[in-house]
Each structure stands twice: as C-alpha cells, then as structure tokens.
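Asks: As a plain string of letters, each chain reads:
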Amino acid sequence: MSELINSEVFLAYSTYTTIVLLKMLLMGPLTGYFRVTRKAFVSQEDAWAHGARNEESRKILMKTDPEVERVRRCHRNDLENIVPFVGIGLLYALTGPDLSTALLHFRIFVGSRIFHTIAYLVPLPQPSRGVSWLVGLGVTFSMACRVLTTGMHL
Amino acid sequence: MSELINSEVFLAYSTYTTIVLLKMLLMGPLTGYFRVTRKAFVSQEDAWAHGARNEESRKILMKTDPEVERVRRCHRNDLENIVPFVGIGLLYALTGPDLSTALLHFRIFVGSRIFHTIAYLVPLPQPSRGVSWLVGLGVTFSMACRVLTTGMHL
Amino acid sequence: MSELINSEVFLAYSTYTTIVLLKMLLMGPLTGYFRVTRKAFVSQEDAWAHGARNEESRKILMKTDPEVERVRRCHRNDLENIVPFVGIGLLYALTGPDLSTALLHFRIFVGSRIFHTIAYLVPLPQPSRGVSWLVGLGVTFSMACRVLTTGMHL
Chain A
1 MSELINSEVF LAYSTYTTIV LLKMLLMGPL TGYFRVTRKA FVSQEDAWAH
51 GARNEESRKI LMKTDPEVER VRRCHRNDLE NIVPFVGIGL LYALTGPDLS
101 TALLHFRIFV GSRIFHTIAY LVPLPQPSRG VSWLVGLGVT FSMACRVLTT
151 GMHL
Chain B
155 MSELINSEVF LAYSTYTTIV LLKMLLMGPL TGYFRVTRKA FVSQEDAWAH
205 GARNEESRKI LMKTDPEVER VRRCHRNDLE NIVPFVGIGL LYALTGPDLS
255 TALLHFRIFV GSRIFHTIAY LVPLPQPSRG VSWLVGLGVT FSMACRVLTT
305 GMHL
Chain C
309 MSELINSEVF LAYSTYTTIV LLKMLLMGPL TGYFRVTRKA FVSQEDAWAH
359 GARNEESRKI LMKTDPEVER VRRCHRNDLE NIVPFVGIGL LYALTGPDLS
409 TALLHFRIFV GSRIFHTIAY LVPLPQPSRG VSWLVGLGVT FSMACRVLTT
459 GMHL
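Chains A, B and C, in that order, are what the protein sequence lines are.
For what it's worth, this note's numbering labels the leading residue of the first sequence as 1, then goes sequentially.
For what it's worth, this note's numbering labels the leading residue of the second sequence as 155, then goes sequentially.
For what it's worth, this note's numbering labels the leading residue of the third sequence as 309, then goes sequentially.
Everything labelled a hint here was simulated from the structure, so no lab data went into it.
Heads up, some of the hints might be wrong.
As the list claims (entries may be wrong) - As a list, the in silico DSSO-like pairs of lysine-lysine whose alpha-carbon atoms are at most 27 Å apart:
| hint | chain 1 | residue 1 | chain 2 | residue 2 |
| --- | --- | --- | --- | --- |
| 1 | A | 59 | A | 23 |
| 2 | A | 63 | C | 371 |
| 3 | B | 193 | B | 177 |
| 4 | C | 331 | A | 59 |
| 5 | C | 347 | A | 23 |
| 6 | A | 39 | A | 23 |
| 7 | B | 217 | C | 371 |
Unchecked claim - Taking beta-carbon pairs under 10 Å as the criterion, some of the chain C residues facing chain B (in silico):
| hint | residue |
| --- | --- |
| 8 | 327 |
| 9 | 339 |
| 10 | 346 |
| 11 | 354 |
For every residue, glycine included, the Cβ atom is placed at its ideal position computed from N, Cα and C.
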C-alpha cells in the first residue's frame with residue numbers, strides 16, 4: 001500500500017484537496033469583509049477598533065447582519081462536508097482506485113462545492129444549493145464504500 | 155515507518171475513521187429532515203421553496219426550532235471532537251502501536267461518539283452525554299501522548 | 309515519496325499537528341467550565357443536572373453568556389483554520405521541503421494560533437487577534453503554494 005502514495009491518484013488527491021481546502025479557508029476573509037463593510041461585529045474589541053467609543057455607537061456596530069450570517073452558514077456547511085471528504089478521500093486514495101474513477105470523484109466533489117458556495121451566496125433559488133450539497137455527499141459516501149469494501153478490520 | 159501504512163493497525167484506523175466520519179456526515183441530512191418536517195428554515199430561498207410566497211408566510215417558516223438546534227449542536231460537537239481524532243489517530247496509527255491497544259482506542263472512541271449522539275438526541279439525562287464526551291476526549295488525549303512520546307521534533 | 313514519511317519533516321509535522329489539535333480540543337472543556345461557572349446552559353437536561361427543577365429556575369439557567377459565546381467563537385475559528393492546516397500540512401510534509409523551512413512554517417502557525425487564543429480570550433485590543441489570524445492563514449497559503457507547485461494532477 002505504501003507505494004500508492006507515489007501514485008498519480010495520490011497526486012490528484014493532493015491537488016483537489018488543496019484546492020477545496022483553500023476555497024474553504026477563503027470563507028474566513030469573506031466573513032471579515034462583510035463584517036467590516038456591513039459594520040456588523042460580535043466582539044467589543046472589534047467594534048472599538050472601528051470607532052465605537054461609547055455605549056451608543058457600540059450598540060450600532062454590534063449587530064447581526066443577514067449577509068454575514070449567510071457567509072457563516074456557508075462556511076459551516078463547508079466544514080461539515082469538506083473535512084470528511086479530506087479524511088475519507090485520503091483513505092480512498094490509498095486503496096488504489098483507477099485514476100479515471102478517482103479523478104471523477106474528486107472533480108465532481110470540488111465542482112459541487114464551488115457551485116454550492118455560489119448557490120449559497122448569490123443566492124440561487126432552491127433546489128440548486130440542496131442538489132449541489134447532495135452531490136458532494138454522494139461522492140464522499142461512494143469513496144467511503146470503496147474504503148470499507150477494500151478492507152476492514154473491526 | 156512507511157511500511158506501517160500496510161499494517162493491520164492502519165486498516166483498523168481506516169475502518170473506524172470511515173465509520174465515525176460517516177456518522178458525522180449523517181448529521182447533515184438529519185438537520186435537513188428536521189428543518190423540513192418542523193418547517194424551520196434560515197434562508198429565504200428555503201422558505202420560498204417550501205411555499206412562502208409572501209412576507210407573512212415567510213415569517214412563519216423562518217423560525218428557530220429547538221429540535222433543529224439540538225441536532226446542530228450535536229453536529230458541531232462532532233466536528234470539535236471527531237476531526238481531532240481523525241488527525242491524531244492517523245499519526246498514532248503510524249507510530250506502530252500494538253493492534254490490540256489500537257483497536258481498544260478506536261472502538262472506545264467510536265462507541266463513545268455513537269452513544270454521545272444518542273444521548274444528545276433522545277435526550278438522555280445528564281451525565282450520560284457529558285461522560286461519553288469525556289471518554290472520547292480521553293481516547294484522543296491517550297493517542298496524542300503516544301504520538302508525542304514516540305518521537306518529537308520541536 | 310513514501311520514504312518521506314520517515315523523515316524529520318514528517319516528525320516535525322506530527323509534533324506540531326498534535327500540539328495544535330490538543331490546543332483546539334481544550335477549547336471544549338473550557339466552554340464547559342464557563343457554562344458551569346456562569347450557569348449558562350443551552351440544553352434542558354444540562355439545566356436539570358444543575359438543579360433546575362421548575363420552569364422558573366430553568367429560565368434562569370438557560371441563558372446566553374458573553375464569555376461562553378466568546379470561547380465558542382474562538383473554538384469555531386480554530387476549526388476553520390487549524391483543520392485546513394492539518395490537511396494541507398500533511399501534503400506539504402510529503403513534498404519533501406527543507407527541514408528548516410518546514411519548521412519555520414509549523415512554528416509560526418502554532419505560535420500564531422496560541423497567540424490568537426490568548427488575544428481572543430483576554431481579550432487583547434485589536435488588531436492583535438486579527439493579525440495572528442492572518443499570520444496563520446498566510447502560513448497555510450504558503451504551504452498550499454508549495455503543494456500545488458511541486459506537482460499537480462487536475
């Protein structure tokens with residue numbers, strides 16, 4: 001199994017995992033951007049840094065903004081779905097699947113997550129977001145099946 | 155160390171990690187199920203997809219439901235605890251522990267997390283949920299000790 | 309690539325990843341500590357376990373506490389930033405970087421996250437928290453660049 005790390009499949013896993021984790025990471029700065037432009041902070045020190053020197057202006061700056069919450073929900077959905085993909089995908093890559101099958105899994109997953117982000121943030125009418133989420137979920141389940149059927153030790 | 159990836163311990167890690175990540179992933183559809191049956195949505199496009207065509211019906215469908223929030227708290231607790239298990243467990247499996255010791259760790263962890271989910275969702279009276287959470291935490295700390303005592307490079 | 313797992317770089321990755329994941333895990337007990345000392349619970353069974361036997365005392369114990377929420381935001385920020393570090397860092401360690409370069413990445417990241425936690429919980433005035441977050445983000449992006457430039461398979 002150890003030479004599998006040298007394989008093209010592992011290189012593909014490495015590429016797609018890095019891309020999709022970077023996409024997830026970018027949700028952080030995006031949240032920050034919306035917090036600053038919408039002036040919607042949660043922590044007192046953030047409101048202070050943006051000029052809130054008295055109780056009144058602090059109340060104005062410390063609010064919940066629907067756009068900020070939308071980005072945060074999208075970010076959380078990424079955590080819930082991309083992290084299992086990274087873990088199960090690593091084990092899947094080590095089972096030695098066909099390169100074309102593996103690429104199909106990785107491409108569909110990363111594509112579905114990028115579309116999911118667009119559908120969440122625009123937002124596009126449902127079921128576009130729901131379907132892209134389910135497609136990503138299906139890919140991860142398919143890889144998990146391969147991992148468990150290749151070898152198990154309970 | 156590289157032949158350790160071929161070992162029974164790694165196979166056991168692969169099996170239990172996949173199972174516990176699948177369990178975590180299933181919290182997503184469970185949240186969706188409760189949102190649809192309780193008619194408790196957060197995003198306007200979801201309320202629209204479930205028939206909210208005017209301001210009034212939108213207000214009825216966009217609410218916070220205690221059951222939905224419970225599933226989400228359980229899901230978040232999974233993220234906080236299962237993800238470190240997956241990361242530290244991989245490094246632990248590569249330190250070459252005894253198969254029986256490794257299996258003990260993996261089985262207790264996965265068992266504790268499945269029980270944690272049941273205790274959270276039923277809900278069972280405390281301290282059942284608290285204890286199952288602490289047991290899982292203890293397993294991860296025990297594996298982290300093994301990783302750090304086997305070899306360190308600071 | 310497979311002998312890279314035996315390398316000093318991989319050992320360094322293993323050490324710093326374990327430390328930073330343990331730090332993240334400790335946010336869980338810290339949340340619990342604040343919930344118990346501030347008597348601020350979310351679940352009814354928790355309020356019950358702390359003596360809430362009637363509707364009135366339940367309302368007193370089930371509240372939102374600013375300190376608890378602060379710890380939880382810090383914990384969530386850890387999930388959003390440390391998890392991608394663990395994933396991308398593994399792939400980075402397998403690209404065979406210089407030990408000194410790798411150590412520089414790992415040390416700055418772990419240092420920035422420990423400082424981030426202190427800055428969040430004290431709290432220190434901004435931009436201390438913001439800067440430490442950006443430094444950690446920069447390290448992960450730098451490692452991702454190395455992974456993608458070493459080899460890609462799209």
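Asks: Please go over all the hints and tell whether each is borne out by the structure.
Replies: Do the hints match the structure? See the list:
| no. | hint | verdict |
| --- | --- | --- |
| 1 | A/59 - A/23 | 33 Å, violated |
| 2 | A/63 - C/371 | 19 Å, holds |
| 3 | B/193 - B/177 | 24 Å, holds |
| 4 | C/331 - A/59 | 33 Å, violated |
| 5 | C/347 - A/23 | 38 Å, violated |
| 6 | A/39 - A/23 | 24 Å, holds |
| 7 | B/217 - C/371 | 19 Å, holds |
| 8 | 327 | 8 Å, holds |
| 9 | 339 | 9 Å, holds |
| 10 | 346 | 17 Å, violated |
| 11 | 354 | 6 Å, holds |
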